[in-house]
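Undergrad: Given chain A, work out where chain H should sit, using these hints.
There are 2 protein chains.
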Amino acid sequence: MTKGLLIVHTGEGKGKTTAALGMAMRAAGHGLPVCFIQFIKGSWRYGELEAVKRFEELIDFHVMGKGFTWKSENLEEDARLAQEAWAFACQAIDSGNFHTVVLDEFTYLLHYGMLDIEPCLEFLARRNPTQHVVITGRYAPEPLIAAADLVTEMRMIKHPLKSGVKAQKGIEF
Amino acid sequence: MTKGLLIVHTGEGKGKTTAALGMAMRAAGHGLPVCFIQFIKGSWRYGELEAVKRFEELIDFHVMGKGFTWKSENLEEDARLAQEAWAFACQAIDSGNFHTVVLDEFTYLLHYGMLDIEPCLEFLARRNPTQHVVITGRYAPEPLIAAADLVTEMRMIKHPLKSGVKAQKGIEF
Numbered sequence: 004m005t006k007g008l009l010i011v012h013t014g015e016g017k018g019k020t021t022a023a024l025g026m027a028m029r030a031a032g033h034g035l036p037v038c039f040i041q042f043i044k045g046s047w048r049y050g051e052l053e054a055v056k057r058f059e060e061l062i063d064f065h066v067m068g069k070g071f072t073w074k075s076e077n078l079e080e081d082a083r084l085a086q087e088a089w090a091f092a093c094q095a096i097d098s099g100n101f102h103t104v105v106l107d108e109f110t111y112l113l114h115y116g117m118l119d120i121e122p123c124l125e126f127l128a129r130r131n132p133t134q135h136v137v138i139t140g141r142y143a144p145e146p147l148i149a150a151a152d153l154v155t156e157m158r159m160i161k162h163p164l165k166s167g168v169k170a171q172k173g174i175e176f
Numbered sequence: 004m005t006k007g008l009l010i011v012h013t014g015e016g017k018g019k020t021t022a023a024l025g026m027a028m029r030a031a032g033h034g035l036p037v038c039f040i041q042f043i044k045g046s047w048r049y050g051e052l053e054a055v056k057r058f059e060e061l062i063d064f065h066v067m068g069k070g071f072t073w074k075s076e077n078l079e080e081d082a083r084l085a086q087e088a089w090a091f092a093c094q095a096i097d098s099g100n101f102h103t104v105v106l107d108e109f110t111y112l113l114h115y116g117m118l119d120i121e122p123c124l125e126f127l128a129r130r131n132p133t134q135h136v137v138i139t140g141r142y143a144p145e146p147l148i149a150a151a152d153l154v155t156e157m158r159m160i161k162h163p164l165k166s167g168v169k170a171q172k173g174i175e176f
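Protein chains in written order, with my numbering: chain A, 4 to 176; chain H, 4 to 176.
Chain A on its own, in the form it takes in the complex:
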């Protein structure tokens, strides 16, 4: 049975995006094309960006929006940008061009109400049944978890930023 999986990486811990990046590169290692869509601008920095460049014929990388911060003063504008970003993701999923489509930090759009979850889940349920989709971010809403095939929670057991160590190149970013 070959089935496109809806995969969610959620939780407060580290590794949600990093594991999705590893998955994207592993798929690319197989020669399988991946579309990686980043919904929160600025969450990726030089290291990741340079890394995906080594796979540029296989990993399509896109940054959406003008930088959702989920603290906007202009909720209407945020909702409009979120709609646009989601429409772009739908196109990538519908295109059939990608083995996997990663919606990185997408959960925030749902959690902060910038997008309605019901139409999103309906779209995902209707997608090509062999299409893999990976969604990352904290606060994955319960209906998304219910709809997903594989859900991993990254739990923070210990974090050095809590003991005064600054974020470091090649580790935190």
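Honestly, the hints are just simulated from the structure, not real lab data.
Honestly, I wouldn't trust all of these hints.
Note that the list lumps identical chains together, so a pair holds whenever it fits in one copy or between two copies.
Straight-line alpha carbon distances no greater than 25 Å define the calculated DSS-like cross-link-like pairs of lysine-lysine that follow [said to hold, decoys possible]:
#: 1; residue 1: Lys6; residue 2: Lys161
#: 2; residue 1: Lys172; residue 2: Lys161
#: 3; residue 1: Lys56; residue 2: Lys172
#: 4; residue 1: Lys6; residue 2: Lys172
TA: Relative to chain A, chain H alone:
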């Protein structure tokens, strides 16, 4: 404050090795050299191996042992191989050649008693204080967690293999 971190990815869920792979590639994206040592032979397959090849000047990839299965009939031989593998890891950590050294699936050697944990932790405590080390695997022993700076538990919330979907190329391997 620049401090070499001891990072542990543990738990029953997915993403422990994949997040370490993502970290290795992100560091390589910064031009920082990484040594990735796999302690369980055969846990990596074609996708990962081809992916790291794209970073071959920056990611040193090594497979240790003859395939620890932690079900061996010959515990003495296992312990000897585990010692050899650990000695190799110590050399990589001591060399100063790597920004990050990843000990992938290393926890099993500790958990199954193939290696004594105390000398391992003593070595790690004495390492160059700027050296980052990432250890992955289930069953991270409590003293390792206590010694670590950053610990993430990957918790399985839902897994498709439990509902009859087979492992798939580019997703599971």
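Undergrad: Could you place Lys172 and Lys161 in one of the four classes (within, between, both, neither) given a Cα distance threshold of 25 Å?
TA: Within one copy, since 19 Å is at most 25 Å while 33 Å is not.
Undergrad: From the Cα coordinates, with 25 Å as the cut-off, is the pair Lys6 and Lys172 best called within, between, both, or neither?
TA: For Lys6 and Lys172, only the inter-copy Cα distance (11 Å) is at most 25 Å; the intra-copy one is 38 Å.
Undergrad: For Lys56 and Lys172, with the copy left unspecified, which applies at a CA distance of at most 25 Å: within, between, both, or neither?
TA: Close inside one copy (18 Å) and across copies (22 Å); limit 25 Å.
Undergrad: Please work out whether the CA atoms of Lys6 and Lys161 approach to 25 Å or closer within one copy, between two copies, in both situations, or in neither?
TA: between (36 Å within a copy, 15 Å between copies)
The structure shown violates none of the earlier numbered hints.
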